[in-house]
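Peer 1: Using the hints provided, position chain B relative to the given structure of chain A.
Number of protein chains: 2
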Amino acid sequence: MKKITIAVDAMGGDNAPDAVCLGAVDACRDFPDIEVILTGDEGRIRSILVPVPSDVRSRIRVVHTTEVIGMDEHPAVAIRKKHNSSLRVAMEMVRSGEAQGCISAGNTGAIVAGGVLVVGRLPGIDRPALATLLPTIEKWSLLLDVGATVRCKPENLYQFALMGSVYSRKILKVAEPEVRLLSNGTEEIKGDECVAGARALLMRSALNFQGYTEGNDIVWGRSDVVVCDGFMGNVALKLSEGIMQGLKSLLTEEVRKSLLAKAGMVFLAPTVKSLWTRFNYEKYGGTPLLGVKGVVLKAHGRSKEPAIAAAVSAARRFIEEDGIGQIQAELDTGPAHGE
Amino acid sequence: MKKITIAVDAMGGDNAPDAVCLGAVDACRDFPDIEVILTGDEGRIRSILVPVPSDVRSRIRVVHTTEVIGMDEHPAVAIRKKHNSSLRVAMEMVRSGEAQGCISAGNTGAIVAGGVLVVGRLPGIDRPALATLLPTIEKWSLLLDVGATVRCKPENLYQFALMGSVYSRKILKVAEPEVRLLSNGTEEIKGDECVAGARALLMRSALNFQGYTEGNDIVWGRSDVVVCDGFMGNVALKLSEGIMQGLKSLLTEEVRKSLLAKAGMVFLAPTVKSLWTRFNYEKYGGTPLLGVKGVVLKAHGRSKEPAIAAAVSAARRFIEEDGIGQIQAELDTGPAHGE
Chain A
13 MKKITIAVDA MGGDNAPDAV CLGAVDACRD FPDIEVILTG DEGRIRSILV
63 PVPSDVRSRI RVVHTTEVIG MDEHPAVAIR KKHNSSLRVA MEMVRSGEAQ
113 GCISAGNTGA IVAGGVLVVG RLPGIDRPAL ATLLPTIEKW SLLLDVGATV
163 RCKPENLYQF ALMGSVYSRK ILKVAEPEVR LLSNGTEEIK GDECVAGARA
213 LLMRSALNFQ GYTEGNDIVW GRSDVVVCDG FMGNVALKLS EGIMQGLKSL
263 LTEEVRKSLL AKAGMVFLAP TVKSLWTRFN YEKYGGTPLL GVKGVVLKAH
313 GRSKEPAIAA AVSAARRFIE EDGIGQIQAE LDTGPAHGE
Chain B
13 MKKITIAVDA MGGDNAPDAV CLGAVDACRD FPDIEVILTG DEGRIRSILV
63 PVPSDVRSRI RVVHTTEVIG MDEHPAVAIR KKHNSSLRVA MEMVRSGEAQ
113 GCISAGNTGA IVAGGVLVVG RLPGIDRPAL ATLLPTIEKW SLLLDVGATV
163 RCKPENLYQF ALMGSVYSRK ILKVAEPEVR LLSNGTEEIK GDECVAGARA
213 LLMRSALNFQ GYTEGNDIVW GRSDVVVCDG FMGNVALKLS EGIMQGLKSL
263 LTEEVRKSLL AKAGMVFLAP TVKSLWTRFN YEKYGGTPLL GVKGVVLKAH
313 GRSKEPAIAA AVSAARRFIE EDGIGQIQAE LDTGPAHGE
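Protein sequences appear in the order of chains A and B. Just add 12 to wherever you are in the first sequence, counting from 1, and you've got this note's numbering. Just add 12 to wherever you are in the second sequence, counting from 1, and you've got this note's numbering.
Calculated from the structure, these hints are not laboratory results. Check before you lean on any hint, since a few could be wrong.
As the list makes no split between identical chains, a pair holds if one copy fits it or if it spans any two.
[Unchecked claim] Capping the alpha-carbon separation at 27 Å, the derived lysine-lysine pairs in DSSO-like fashion look like this: (1) Lys-274 - Lys-260; (2) Lys-14 - Lys-185; (3) Lys-151 - Lys-274; (4) Lys-182 - Lys-94; (5) Lys-151 - Lys-269; (6) Lys-269 - Lys-285; (7) Lys-182 - Lys-15; (8) Lys-316 - Lys-165; (9) Lys-182 - Lys-305; (10) Lys-14 - Lys-93; (11) Lys-182 - Lys-260.
Here chain A stands alone, though its shape is the one from the complex (with noise of 0.2 Å):
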């Protein structure tokens, strides 16, 4: 059996390093064809794991690392200057190749410089994106850029339509996905310049582009790639989680407040809690930074055990159909590039 090694950042996220490390060891027990490497204080972590079973202990390598970047450090400044931090050390086992990928729920900004400077991006591609996998009411919509790359020139969000197109056709086995920009209406006189330069060179290439998308249209999942600049994403994404639980704070302070409700509640449970399961966009772990050279995984910085394990299973699947592969040869040989 091939193995496959992804090297996990122990201490990044709010829940690092025992989440982290317990989310790494359940991902081991459920693929016997997968190592892990941790990065980070080998003397806590090595508690962490003293549970462990051997067989899955033996599939899991400890790299002690001095340094952890913070939630709220400069993100360039601190992956170049922090050598030994558990993230760069993480990333530098993907450029060597000793990793075929890593996963980090730590500090975004600095997951994606270290992806820039440190696996290094692409050739053909200017800026990574990160793409987020949405549930939505008809299927699953892949939303980038999510925080990236801030703003955009029309060539950038050409690029991640592509590399997102692709991502959906070979990993989420979508055939023809239907990709869209986002943009205040869905007439072709809307929309800024960059945005309507990016349309230009969509409605040149040999993707399947469908024009523009709206807010609202996010929600029903018409596309299977929607795309839009990194700021616009962010906001999207964080409003999207806003009103979620925000839903659920005040449903549950109406129900504590009404013994009516409350016993409404008791038969309605399992349909709430599986529309919110289904809204839950904690549970689908890992958001891929596409566009750089090698599998890397950014995790929700509040992932607890199980969207640890989701975000090494999807690196997993990214790595062994050769996602990264896929996206080269794509650039390589695939649509006509726009100027």
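Peer 2: Using the frame of chain A, we list chain B on its own:
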């Protein structure tokens, strides 16, 4: 009693002219100090008004117009060419002073274009903004711009903050409105050049500016005024509407499938209904176009009678409080202009 005259574009919106005319009638019934001028197809309007009692009917004037601006027409072109359109004639009345304010549920772009080209910009304001009042967990938040000015310069965002702050203080009676800029994170290093530029201007202003806010904060309502460009605001607003509609339809579907859930809904219905009403954006009627020399309110395109009546009532309050004069005064004598 001093009369307040409000021109209503009877032909604008999905449910025009019936719902628009009847909504205006409801507002006349509720407020004895208002007069309404309905612009549109006189024959159709008169037939809708037949059952209206004479004490209310006496305060409604009909001005016949021959053209209608469609939802898909190019806004600026339509407003320039269609001199006898119901929207343009309503706006001409605001310019001439025959009406103190106007309302339309029609083509948003044409309302913005008409605000600038017909009613005219306030001196000191470069671009107008549409300001939407959002129900949030904690309180009401004013979000602007939601679609008048697609992309902005820092000065535009600064002026939006100023106008939103005056509107919040004078019309919504918030003592010291907290103003924040919508960004991709709360830290200083976040944002793009434009948002960072606006931040610098706002830091030097006398406004109660509290820095950046994120997508999820819109939901919790930490801020009284949230400022962003029209592209972002449009996507955020439609996304919020989409999520609410999507959840409603999913819940309906789930409940239809399960007897248990059906039983639960019998008890829980009042709770769900109260949540739904609270977050039903349509109910809140008008979205003021700030930055023009008159009261211009946009009602939602899908507005039915209550939404139109609410918009007329909002326009009445805006006029009564001299909202335009207040904004003008603040521009003349208020906080130092950026740069």
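Peer 1: Work down the list of hints and note, for each, if the structure agrees.
Peer 2: For each hint, the structure was consulted:
In this assembly of identical chains, Lys-274 and Lys-260 lie within 27 Å of each other by CA distance both inside one copy and across copies; the values are 14 Å within and 20 Å between. Taking the shortest alpha-carbon separations for Lys-14 and Lys-185, only the intra-copy value of 23 Å comes in at or below 27 Å, while the best inter-copy value is 68 Å. Taking the shortest alpha-carbon separations for Lys-151 and Lys-274, only the inter-copy value of 25 Å comes in at or below 27 Å, while the best intra-copy value is 32 Å. Taking the shortest Cα distances, Lys-182 and Lys-94 never come within 27 Å of each other, neither inside one copy (35 Å) nor across copies (51 Å).
For the identical chains of this complex, Lys-151 and Lys-269 are inter-copy neighbours only, at 19 Å across copies versus 36 Å inside a copy, given an alpha-carbon limit of 27 Å. For the identical chains of this complex, Lys-269 and Lys-285 are neighbours both inside a copy (20 Å) and across copies (15 Å), given an alpha-carbon limit of 27 Å. Taking the shortest alpha-carbon separations for Lys-182 and Lys-15, only the intra-copy value of 21 Å comes in at or below 27 Å, while the best inter-copy value is 67 Å. In the homo-oligomer, the alpha carbons of Lys-316 and Lys-165 never lie at most 27 Å apart, since the shortest distance is 36 Å inside one protomer and 41 Å across protomers.
Only within a single protomer do Lys-182 and Lys-305 lie at most 27 Å apart by alpha-carbon distance; the minimum there is 17 Å, versus 55 Å between protomers. Taking identical chains as interchangeable, the C-alpha atoms of Lys-14 and Lys-93 are never at most 27 Å apart, the minima being 35 Å within one chain and 70 Å between chains. In this assembly of identical chains, the alpha carbons of Lys-182 and Lys-260 never lie at most 27 Å apart, being 35 Å within a copy and 33 Å across copies at closest.
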